[in-house]
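Protein chains in written order, with my numbering: chain S, 1 to 246; chain C, 247 to 492; chain P, 493 to 738; chain A, 739 to 984; chain U, 985 to 1230; chain X, 1231 to 1476; chain B, 1477 to 1722; chain L, 1723 to 1968.
Hints were generated in silico from the structure; no laboratory data involved.
A hint or two may mislead.
For lysine to any residue, the following SDA-like pairs were computed, each having C-alpha atoms within a straight-line distance of at most 20 Å [said to hold, decoys possible]: (1) K1495(B) / E166(S); (2) K1003(U) / E296(C); (3) K19(S) / I7(S); (4) K356(C) / N259(C); (5) K996(U) / N259(C); (6) K265(C) / L899(A); (7) K12(S) / S1486(B); (8) K1488(B) / A162(S); (9) K1340(X) / P1360(X); (10) K757(A) / G1244(X); (11) K1242(X) / L899(A); (12) K750(A) / K1340(X); (13) K1094(U) / F1077(U); (14) K602(P) / T550(P); (15) K996(U) / E301(C); (16) K258(C) / L1002(U); (17) K1488(B) / E166(S); (18) K504(P) / L1883(L); (19) K12(S) / N1489(B); (20) K12(S) / F1569(B); (21) K258(C) / T1084(U); (22) K511(P) / K19(S); (23) K19(S) / D1395(X).
8 protein chains.
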Amino acid sequence: MSDLETILTSFKNGTLDLKTARTAIDARFFEDVGHTTIDHDRIRRTGSAEVIYAEHKTPTQVVDAFAALAARGENVLATRVSSEGFRAIAERFTGAEYHTAARLVTLQQKAVDPAATSIAVVTAGTSDLPVAEEAALTAEFYGNPVLRIRDVGVAGIHRLLARADEIRSAQVVIAVAGMEGALPSAVGGLVDKPVIAVPTSVGYGASFGGITALLSMLNSCASGVSVVNIDNGFGAGYLASMINRL
Amino acid sequence: MSDLETILTSFKNGTLDLKTARTAIDARFFEDVGHTTIDHDRIRRTGSAEVIYAEHKTPTQVVDAFAALAARGENVLATRVSSEGFRAIAERFTGAEYHTAARLVTLQQKAVDPAATSIAVVTAGTSDLPVAEEAALTAEFYGNPVLRIRDVGVAGIHRLLARADEIRSAQVVIAVAGMEGALPSAVGGLVDKPVIAVPTSVGYGASFGGITALLSMLNSCASGVSVVNIDNGFGAGYLASMINRL
Amino acid sequence: MSDLETILTSFKNGTLDLKTARTAIDARFFEDVGHTTIDHDRIRRTGSAEVIYAEHKTPTQVVDAFAALAARGENVLATRVSSEGFRAIAERFTGAEYHTAARLVTLQQKAVDPAATSIAVVTAGTSDLPVAEEAALTAEFYGNPVLRIRDVGVAGIHRLLARADEIRSAQVVIAVAGMEGALPSAVGGLVDKPVIAVPTSVGYGASFGGITALLSMLNSCASGVSVVNIDNGFGAGYLASMINRL
Amino acid sequence: MSDLETILTSFKNGTLDLKTARTAIDARFFEDVGHTTIDHDRIRRTGSAEVIYAEHKTPTQVVDAFAALAARGENVLATRVSSEGFRAIAERFTGAEYHTAARLVTLQQKAVDPAATSIAVVTAGTSDLPVAEEAALTAEFYGNPVLRIRDVGVAGIHRLLARADEIRSAQVVIAVAGMEGALPSAVGGLVDKPVIAVPTSVGYGASFGGITALLSMLNSCASGVSVVNIDNGFGAGYLASMINRL
Amino acid sequence: MSDLETILTSFKNGTLDLKTARTAIDARFFEDVGHTTIDHDRIRRTGSAEVIYAEHKTPTQVVDAFAALAARGENVLATRVSSEGFRAIAERFTGAEYHTAARLVTLQQKAVDPAATSIAVVTAGTSDLPVAEEAALTAEFYGNPVLRIRDVGVAGIHRLLARADEIRSAQVVIAVAGMEGALPSAVGGLVDKPVIAVPTSVGYGASFGGITALLSMLNSCASGVSVVNIDNGFGAGYLASMINRL
Amino acid sequence: MSDLETILTSFKNGTLDLKTARTAIDARFFEDVGHTTIDHDRIRRTGSAEVIYAEHKTPTQVVDAFAALAARGENVLATRVSSEGFRAIAERFTGAEYHTAARLVTLQQKAVDPAATSIAVVTAGTSDLPVAEEAALTAEFYGNPVLRIRDVGVAGIHRLLARADEIRSAQVVIAVAGMEGALPSAVGGLVDKPVIAVPTSVGYGASFGGITALLSMLNSCASGVSVVNIDNGFGAGYLASMINRL
Amino acid sequence: MSDLETILTSFKNGTLDLKTARTAIDARFFEDVGHTTIDHDRIRRTGSAEVIYAEHKTPTQVVDAFAALAARGENVLATRVSSEGFRAIAERFTGAEYHTAARLVTLQQKAVDPAATSIAVVTAGTSDLPVAEEAALTAEFYGNPVLRIRDVGVAGIHRLLARADEIRSAQVVIAVAGMEGALPSAVGGLVDKPVIAVPTSVGYGASFGGITALLSMLNSCASGVSVVNIDNGFGAGYLASMINRL
Amino acid sequence: MSDLETILTSFKNGTLDLKTARTAIDARFFEDVGHTTIDHDRIRRTGSAEVIYAEHKTPTQVVDAFAALAARGENVLATRVSSEGFRAIAERFTGAEYHTAARLVTLQQKAVDPAATSIAVVTAGTSDLPVAEEAALTAEFYGNPVLRIRDVGVAGIHRLLARADEIRSAQVVIAVAGMEGALPSAVGGLVDKPVIAVPTSVGYGASFGGITALLSMLNSCASGVSVVNIDNGFGAGYLASMINRL
């Protein structure tokens, strides 16, 4: 909170007048730049810059946000980007990369300090891979080594057990599954690390677009499991990175 | 269909008049005895006598139904019987037995031909035992040897694996679980026998009285799994017996 | 469990060194071949090879999986295959057959031992036929004679009754219905065989894409009925085959 | 509409002044008597007097309403009356009768013109009888002969078929069922009369307090079926009477 | 039931042999003609021929069913027919008529005896008209005069009141509404005739495709109201006709 | 109520005959002009003319309604208008304006008396802007100054706090948010003015098309908050105007 | 914002040191007094003191909170108070009053400035009165005249119309209804004032504890209607007061 | 994996025979001791001993499990213990402590190594304290310093902001809230540490026993937030400890 003290001291010194002091107290936090309110304070508060969620935005809105963040020299991450959206970004940012299955766009402008320990991304089935990749690429964007363990759903439990030691080598585990969503429970019973469960919308009939997997994960009988929204690979990757870098 | 032929032939012979022939065609099937319509034809059609579901019935209604079935010399099974209900039965039928946890009442009046193969009842947790016992006792009522495998939920998957050979020795498997309901998927991946999944209402919060386990089981990624209603141990035991005795 | 004994004995003999013994213990179970983890152990554990669920997969992923299974000389079954998916398969496997309504692809490479008893597939309405065919063709893929009984929904109950003897001639019954899903209850009251109920997404308004039929079937007042997921014809056919071949 | 003409004419004649005319126009409809607004116009509009729904009311409120209606010489009907509620009524109205299972109270003060045709009340199981009785007694309260057909659920369809001719003799059919709620579909396929379906809250697990039966009935594949609220025996009986007396 | 007597008598006379008698007993009811089971008995049982529900059927299936019914000289009604479906029908049946908004096809081949009393179809808003027309045209198909009262939702209650006398002139009322579905309650409070409530899928957000209207109608505080499935104009029209012609 | 008195007096005078008097009593309220029932009385009763909800209507229906209202010289507002719908309107009404994002069409034919105080429209994220604009433009259509505060969701709460004084300057606040819908609670804790919460369908997975935001808002722990339907920007703007002009 | 200026000026003057200045900036807002964080700033921000929601609290917690607020000389309002809770309050505050049906406790310690205009509380049925009284008493607690209109549900719409002028005399209308919740739509079509809709949990079966009424109100086709939580009479009364005193 | 090597080597040496080797391979994992299957391997796999979930168990079952764990010298934790359950424990374990509000029982038999960093437990309202205490006491049981921040819900957001620096001092944050569940979003926007969101069942009406808070938290617009089951304070405390001690 030294900033506030600086402002107060400057005000006392007469360097700042009353009105300027009040504005400065506010301005530590954000700035209104037209249709968007840039949250300058976010890095200080939460440790990382904003990420663009492109789903409900027009290509123009996405590119504008992308440019605003790129201009500050940061690495930029955009999620749920359509191929149209990426074409619009690529016209202005030749270094931007599109990860098709995961629908992520990344722009690396500066090196990230690599984490010392790794994150495991464990996936139940092939159909869950797009969400798993969103998680894995997000974790990599923030500098974490990622260990990918694929196609080890509980209906063939030996596949999972055979890789238990590998999974235990990670500091955090992301478990991605659709249908009955049982993977995080099985993983949670094998490791002594936090498990972030990601339900996917993979399935049909009474899977209800991921609700079944979500409910299953929330009711996991294994300890150390928490859950993010359906298909929220980004959220899992971000949280895993945060834990891995504590 | 020889019965119908007999009636038709008797009618042709003049042994039966028209009205009697029509009544006889109907009477092959059932008889109206006041507040209940006894289904005489049920054993012929489905292979076993009626079972009394006592949940929404008064003690008097339960005892009346019990007596009607006992009078025919059959073994009698009543499910969801309260302790009050059992006391009412026990006053008239000293041989009736009450299985407290499962809330079943059985009356054995004649020997049942034992099945050659057994049924495994696999349970996720201690809290699921009342439902598992309803299934196991029902299977035993119909003459099936039962193998009880308890407390082998997926959060400690090695407990289940260690008993895989035992489970594989059964002809049919009943898998009982609440919370996230993942057990049937794991079992289904281990055996080449039909798995009857029974969701239980054990859990809290987003388990919604068994809905989560039910949905999870319906979406099982393992093949050979089918599902009965929440807490329907009787239904599972009955079906398992039917399959085991094919 | 002789395999494990062989490995242990070879290890004791010195035929296997420690590292190889450990790998061999694992390798009895599965093999990691890139983006897929092939479950070699599945036939031993569950009695049949993997089936390809094509719904959420790219044509390439489907063909790759198809090829991997075909290479082992097995008959191959793929479900929920789009016409694009089939074209991709057909380019490489001229013997592959597409069952349009059911969206199944089958490749028969060796004869299947025919089952001695048959499976009845009973359908409520014409609109339920695609799901019923998925069940029937799956049962036939595994070598079971199938008896198809169509268009016998409960609103014209005499149609069902007239065919009761035929249905009773089967060892297992699959009952397929959408809308109010009452068919399995009626069938379950007529036969002394296991009834596998398949709710379909046929209907409108408060049928909620099959939820009503699903709930109705789970609450069936007939005994011997169990339920699979909405539109899961494959699951029903597979389970019916498993029971029919016990 | 002659009343309005009378008022207008009287007003023109000078028999009524302006204020009185306006009040009289309103007063054709209702009267505010403290905590209740008596709907005098209801008989004219809908053909019968108000019925007391006692569920959420205090005994005092119930008795007050009962007295208000009784004072006008009408026959009085109160539904969902607790035994406490009935005791309060019985203290003041010795002729009031309590139908325990159905929780109805009736007070007959004058003869009802009997209907020429009858109403059939068809019930799936013994546990559904309280709701069925609410329907049957309501129909009788309004002067309709009632034919009670009990315990003819679809799991023993021959019981229902055997009584088809009886059911067809009625002018309107009320079909009462819990669990999977399939009875109205079967009945609707047998008769050429309107079928009023009443779902009951009988069941457990995925019956969800009657929701399954309700949904099943709304999706009936039989024509001529409409549905009332869960456990709404009164509503069915009232509507059946209205149709029967058209 | 004279048919059965005729068969039995003929059998006794020796006119029919045993096998033929059994077949004849069955054949009173239906006939299996390939992919469809024609329900010959339906007119006797329920008073009218089958109606084709075209939603989930292929054009070929629809035309086949249409032809089968037309061949018997009956008037034919098909619901939920797409424009493609109608073109296929029109190629073979030049007299077939398409009611675009309601998506009904009718073919009149013989005169229908007109009903003496009329049916009112009351609609809340312009957007509900397609469903209302399905109901009205169905009622007319069965020979009932129909009174259409449009755009009288409860948010402008005087519009409804002004037409109360008209509505009361009908023998049965169909009330069609989406959104909050309040119209049937208001109508039910105005008339002494059965009200058939039809919820429509008109609305947005928390209208949930008609669920809100459906629930609202099931909970109507007015007596004499029953409900059919969401958007089920046909069902309402059919039932109204059945009641109107009792 | 002077109108009624005038009619009554005229009738007494003989200026009106009986039939005309009755018609005049009705006609104060509405007029049936074919497929629509125009609610003349609406301005008197509710203070403003009808608004056209175009979602489920054909372009022709929309234009007809638009013309009917425009002909009376009123300003006209249509919501949820597709671009096709607008083109149809624009052909006849050159002054009609299309607000693309909000999908509103407005036609200003006369000046509106401006309100003295303003309405704040506070929005959580960029994706919520279309709904927010529907609210803001509706409020402006009825003559209210509107203060737009964008992109101030609770995950960056300082952005909201910094603008608290601005928000407090308004007389009514509309708070628009999707996802977890927390904005109205935060706003409600900052101001002493009514807060109208508008949930939007923005989000994915367990946001369920706005249900989560809706439920969140209904459970707001802040006082002074009420809620309208999902995406109902118009309803919020209309209500805000009504309150602002009291 | 003068407070902040005072602190800053005092700090500049040297009257306040740095630490005290920072504490003072914070302390304008709240104070931590053990298990509760008193929100001193609430009156400034939102115009009224805290209200005690007693539902999930122990009597001790309720009395402590009551005492804390009473000590500041304010009038105190507590909602959802059990009779046990009230006895605990009454021991210490003899002036506290218990409104039994509404379960409110009020303590008036100083006069409230009466509002110039009134609030109408319109109730559908007798069973909804407790919630309506919670709303009415809350409105009176904040000094608003309240007009109570009872028992005017839409099934007897004339009762409502007859009182339309009375309702129109109020500045804000609260409409309270359970079951199908149609009252607010009818009221909203009659008045040009904001309507606050309160769904109640009155009903049975498919009323789902008030969900049906809630959904119905959210989908109201009348403009000017917003909704609060089920049974939230307090919220409606508070908001109505806020609007009435703008 | 040294254990497996030891067994294999011993077997090679002849120290172990074949059968014993196989048993030993299994026995590394668990032991069947009657009605419970003790998971010896759990500490190795997941880092901590089993915890007793007492909700659905009889006092005898709880005490047995408690004794089994206590006998191994570990500290014991039991959750959801009724006062009856505690009395049964206390009879045998005088050192066991009951935390009434949280319903936890703890038995400390040996010192726990204290964590270097702390966990913040932030609570929205007084009614959420029991769940928050379950989380806090669990975290303390595992040796973590806990910082309790109470009564800082978003409706008085300044209370939360004032304590932001304190919250930021923790390594992990648990945010506990019922009703609209907005607290985790606000907290997540303030800190750069993982936030574990715990929805509680506190609320009424449309809070649906915690579903609203759960959904709200799953849809949080803040990054770094994950969710556990409704009222699952234990799960949050356990996971927080796991993260804090990485």
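Hints, one by one, checked against the model:
no., hint, result
1, K1495(B) / E166(S), "violated (53 Å)"
2, K1003(U) / E296(C), "violated (33 Å)"
3, K19(S) / I7(S), "holds (12 Å)"
4, K356(C) / N259(C), "violated (39 Å)"
5, K996(U) / N259(C), "holds (8 Å)"
6, K265(C) / L899(A), "holds (17 Å)"
7, K12(S) / S1486(B), "holds (10 Å)"
8, K1488(B) / A162(S), "violated (69 Å)"
9, K1340(X) / P1360(X), "violated (26 Å)"
10, K757(A) / G1244(X), "holds (19 Å)"
11, K1242(X) / L899(A), "violated (67 Å)"
12, K750(A) / K1340(X), "violated (43 Å)"
13, K1094(U) / F1077(U), "holds (15 Å)"
14, K602(P) / T550(P), "violated (28 Å)"
15, K996(U) / E301(C), "violated (50 Å)"
16, K258(C) / L1002(U), "holds (10 Å)"
17, K1488(B) / E166(S), "violated (62 Å)"
18, K504(P) / L1883(L), "violated (68 Å)"
19, K12(S) / N1489(B), "holds (8 Å)"
20, K12(S) / F1569(B), "violated (49 Å)"
21, K258(C) / T1084(U), "violated (58 Å)"
22, K511(P) / K19(S), "violated (75 Å)"
23, K19(S) / D1395(X), "holds (15 Å)"
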